[in-house]
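Novice: Residue-level listing of the chains:
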Amino acid sequence: MKIAVQADAFDLNAEVEALRSGRLDVGAVASFVGYARDLNDGSAVRAMTLEHYPGMTEKALAAIGEDAARRWTLIDATIIHRVGRLLPGDPIVLVAVASRHRGDAFAACEFIMDYLKTQAPFWKKEETATGARWVEARSSDDAAAARWHPPGSEA
Amino acid sequence: MKIAVQADAFDLNAEVEALRSGRLDVGAVASFVGYARDLNDGSAVRAMTLEHYPGMTEKALAAIGEDAARRWTLIDATIIHRVGRLLPGDPIVLVAVASRHRGDAFAACEFIMDYLKTQAPFWKKEETATGARWVEARSSDDAAAARWHPPGSEA
Amino acid sequence: MNVRLLYFARLRERLGVGEETLAFDGATVAELLAVLRARGGVWAEELAPGRSFRVAVNQELATPDTPLADAAEVAVFPPVTGG
Amino acid sequence: MNVRLLYFARLRERLGVGEETLAFDGATVAELLAVLRARGGVWAEELAPGRSFRVAVNQELATPDTPLADAAEVAVFPPVTGG
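Residue numbers (our numbering), protein chains in the order written: chain X, 1394 to 1548; chain F, 1394 to 1548; chain Z, 3 to 85; chain W, 3 to 85.
One should not assume that every hint holds.
Claimed, not checked - Non-contacting residues of chain Z with respect to chain F, defined by C-beta distances greater than 10 Å in every case (computed):
no., residue
1, L24
2, T30
3, D72
To be verified - Which chain X residues face chain F? A few, computed with CB under 8 Å, are given here:
no., residue
4, V1409
5, L1432
6, G1482
7, A1537
Calculated from the structure, these hints are not laboratory results.
Please read all numbers here as calculations on a predicted model, not as lab measurements.
Glycine is no exception: its CB is placed at the ideal position from the N, C-alpha and C atoms.
Produce the entire structure from the sequences given, and follow the hints as far as they go.
Specialist: And the structure:
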């Protein structure tokens, strides 16, 4: 599994090819790229800065990926998250999952994104016309993550 | 929406960039690539040939994409399916969906793949050590498509 | 009236024909299938009720009661296996 | 014992500190939070029970009863907003 936290942009083709290289049993690669938007909560966003918790971030992403690999039959996965200052249109996060069959790849990719949104220590600060503001966590993200593990269902 | 049936390979980066180009409201792109595997139903596969029904194929793919656009809030989508002779490891199909938020992109991308597998007129013929064979449809694919529209639920 | 018939994939190979034009006096897909089955042999076998095949009329998936008009394009093929 | 405290994002800015080392005689996250709240002002406000913040101990998400050992790394931060 590849886990990376980096300031640089990533290359979707290169990451997907590295993920499946030499594995002719890969039938499916589901991938997700999240982008910085130019509008959030009704305000125009000029730029954003992503802060993270070095050390914990990598551990949290690896734990999320390993959890996915226990839940579904996966061949490999890649999780890359950028940090630092980004402009609208810039890619922020890449998750790609390779498996034999598409159901596992889709489910694991969405699961990883939902958990990353609620468990990995990244914070966004947006620059708007009225100044800088920290993005507030969304209850819809907690709800998305909870779909995979209803309260009280398991330890 | 871009729909293409072609013998040539596709470029994932180029397709995703074309899908979101100039749209700074795109927050999410979910994509799926299906590959030819070297093993299917227990036999080594040397190559496969994809046959299709020219005319109906494009209509079926467009209908599947339009159905997805009615069910979820999408910005744009791309569906590309290859035909002709392919080798293990070759990409067969690409579906990419752009939306504001990830839930719509993931759901629509998986929906399109599930419907494509059961509604679009493509057929695979595999070359194995014991000769050529037509791939049989999987009941798991019918089940995957039925998830989105339980029998009797709508017209 | 005349209908244009297309066959694909395993059915094209088994029936030994990719397309044909057929003079036909019925009104539905079910009646057309009965005419084809009456050819006997591999036609009766492959298109027997209960066998797994699909029919499209003018490039839309059809059912036995789908009506046929003159110059309809009717395709008969196995369940699809793309993607 | 000593614990190393880290603050991130909005909390780092509001509290005006990114990290500190604190001599601490309690045993759990809840007791450490009580010590921090006792500083009053913005500390009491931001870390009040019911405010939305998270605590990690040695880089794992923690709960109020998570035990603390000497040299523990304790991070306090707002709900995460990456991805």
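Novice: For every hint, state whether the structure bears it out.
Specialist: Results for each hint:
| no. | hint | result |
| --- | --- | --- |
| 1 | L24 | holds (18 Å) |
| 2 | T30 | holds (20 Å) |
| 3 | D72 | holds (19 Å) |
| 4 | V1409 | holds (6 Å) |
| 5 | L1432 | holds (6 Å) |
| 6 | G1482 | holds (5 Å) |
| 7 | A1537 | holds (7 Å) |
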